[in-house]
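Asker: Protein chains in written order, with numbering that gives the first Met the number 0: chain A, 0 to 258; chain H, 0 to 258.
Among the hints, a few may not be true.
Any copy, or any two copies together, can satisfy a pair, since identical chains are not distinguished.
[What the hints assert, rightly or not] With a cut-off of at most 27 angstroms between alpha-carbon atoms, the simulated DSSO-like pairs for lysine-lysine come out as follows:
1. Lys51 / Lys19
2. Lys42 / Lys19
3. Lys105 / Lys161
4. Lys227 / Lys51
5. Lys147 / Lys161
6. Lys42 / Lys105
7. Lys105 / Lys51
8. Lys105 / Lys147
9. Lys147 / Lys19
Worth flagging that the hints you see were computed from the coordinates, not collected in a lab.
There are 2 protein chains.
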Amino acid sequence: MVPSRNSSVVPLSKRKIACKDCSLFQICLPVGISEEELERLEKIIQRRRPVKRGDHLYNSGDPFRSICAVRSGSIKSYVPTEKGNEQVTGFHLPGELLGLDAISQKIHPCSAKALETTSVCEIPYEQFELLSNELPVLHRQLINLMSKEIFEEETHMVLLGKKSAEERLAAYLFSISMRYQRRGFSATEYYLSMSRNDIGNYLGLAVETVSRMFTRFQDDGLLTVERKHIIIHNLDRLRHLAGAMPCKSDGNSFCFTRS
Amino acid sequence: MVPSRNSSVVPLSKRKIACKDCSLFQICLPVGISEEELERLEKIIQRRRPVKRGDHLYNSGDPFRSICAVRSGSIKSYVPTEKGNEQVTGFHLPGELLGLDAISQKIHPCSAKALETTSVCEIPYEQFELLSNELPVLHRQLINLMSKEIFEEETHMVLLGKKSAEERLAAYLFSISMRYQRRGFSATEYYLSMSRNDIGNYLGLAVETVSRMFTRFQDDGLLTVERKHIIIHNLDRLRHLAGAMPCKSDGNSFCFTRS
DNA sequence: AACGGAATATGACAAATATCAATTTGTTCT
DNA sequence: AGAACAAATTGATATTTGTCATATTCCGTT
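All chains, full assembly: derive it from the sequences and hints.
Answerer: Below is the structure:
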């Protein structure tokens with residue numbers, strides 16, 4: 000059942016919702032481009048009909064055709080390794096892009112699976128390239144976003160290489176908080192769309208360890224957890240538990256927050 | 000003491016070694032651009048005087064000014080965390096770029112330190128941007144290289160999240176082998192410019208564990224190790240030991256090699 | 001509403017790797 | 001060349017986290 004957001008006349012997948020009317024305008028690809036440029040970009044952006052939970056946006060090995068931006072819902076990227084085994088490489092929340100790892104090889108190294116009913120904007124890469132010849136600002140914006148992704152993956156490498164189980168989960172929850180906050184949602188109360196299994200996989204921990212850490216956090220009064228529903232009571236303490244993290248302060252300076 | 004860079008006739012730093020005469024032409028930024036485009040790019044590329052072992056190319060927090068390409072030698076990127084503590088985020092061999100994580104924030108999140116006497120080409124980013132307005136191929140090439148870096152960081156995440164100590168070191172050595180091979184050097188015999196400490200740090204292992212694994216590999220007859228000098232006797236077995244790895248086969252297909 | 005399978009939680013135990021300590025070897029500086 | 005320091009190796013032990021087993025809860029399906 001598709002919710003009532005597209006009730007009356009035009010189905011969601013056909014309805015042209017302009018980028019400038021999108022709640023994600025500030026954090027998606029079009030940020031910082033002029034109205035006229037935006038209009039030309041919008042002409043090539045496709046809005047897919049929502050994908051259901053468990054559906055794949057693409058699979059590892061598929062040819063790369065377009066960059067995707069999450070509009071609502073959430074996506075998990077993972078590298079399938081051996082039979083049944085996989086490594087989760089990232090979660091994509093609204094306003095975030097995915098598929099950037101496929102540009103070079105023209106083939107998707109990861110699979111992308113919807114964690115819930117999710118709608119995405121697709122930007123066909125060939126057309127994007129053509130348009131970028133005239134509008135270098137598009138390339139520039141993509142480069143910026145890719146740079147940010149490289150930086151974030153480095154942050155995650157620090158997590159996987161240096162942090163304890165407790166620090167990992169704390170850092171993870173804090174990161175989710177910040178990302179939700181950025182798009183205008185509550186930083187302290189949300190539903191986790193991914194399973195404990197996915198979280199553990201992403202953090203390099205066993206499922207059981209993740210469970211135990213949730214329990215410990217709750218026993219410590221740091222948060223309340225009821226399955227996927229999370230209420231964080233002390234965001235500051237959570238950040239401290241997460242340990243040192245490279246971060247961009249809102250100004251232009253760069254800092255490392257230690258505990 | 001400044002070395003004899005302006006001694007005899009033409010100092011190294013002033014000498015124009017054309018990109019097309021560089022041994023790294025095939026793997027550096029200029030790949031796949033026309034002669035005329037290359038000439039214009041070369042005008043903005045600066046060749047720094049070699050940096051000595053231990054010197055920094057830039058420090059965490061420094062303003063971002065240019066992308067660097069390693070010409071010879073090697074560089075370690077690391078995130079300084081607390082006092083003395085650090086997380087190594089990558090090693091850069093000849094033909095490889097560094098600093099891509101700083102484009103977005105305009106500030107370097109990592110420090111970059113020479114592991115040996117190293118020379119780099121610097122591409123001032125502002126000028127690169129201006130030139131790219133006229134030559135979109137430059138942007139395109141940068142995007143390709145960034146995409147490749149994102150992919151490689153994902154591969155490293157799989158290593159940190161899923162692999163045993165043995166697999167990690169094997170994967171690391173195999174990766175070094177492939178990268179040397181690519182630039183025309185021996186894949187089976189080389190000097191590691193980085194310390195065991197750096198290797199362990201990068202792989203999320205204690206120094207002692209790295210040492211023990213080297214010993215084990217040698218006892219197994221897989222390789223001969225004499226401090227930094229490595230001779231690999233069975234590259235195929237090394238790859239098998241490294242476990243499943245996402246890789247681009249030379250064609251256009253995508254595969255996962257499982258041991 | 002009842003069933004069945006999947007996800008989560010919790011406890012007991014095992015294993016891999018980190019930590020600590022001591023020794024050897026190599027490198028740098030005077 | 002020798003002294004002092006740093007890096008690497010090796011062994012003994014500790015600790016964290018993974019694995020296995022079991023119980024419980026939840027959710028989707030019939």
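Asker: Are the hints correct? Go through all of them and say.
Answerer: Each hint, compared with the structure:
no.: 1; hint: Lys51 / Lys19; in the structure: within (26 angstroms within a copy, 51 angstroms between copies)
no.: 2; hint: Lys42 / Lys19; in the structure: within (13 angstroms within a copy, 40 angstroms between copies)
no.: 3; hint: Lys105 / Lys161; in the structure: between (33 angstroms within a copy, 26 angstroms between copies)
no.: 4; hint: Lys227 / Lys51; in the structure: within (18 angstroms within a copy, 53 angstroms between copies)
no.: 5; hint: Lys147 / Lys161; in the structure: both (21 angstroms within a copy, 24 angstroms between copies)
no.: 6; hint: Lys42 / Lys105; in the structure: within (23 angstroms within a copy, 31 angstroms between copies)
no.: 7; hint: Lys105 / Lys51; in the structure: within (26 angstroms within a copy, 39 angstroms between copies)
no.: 8; hint: Lys105 / Lys147; in the structure: both (21 angstroms within a copy, 11 angstroms between copies)
no.: 9; hint: Lys147 / Lys19; in the structure: within (23 angstroms within a copy, 31 angstroms between copies)
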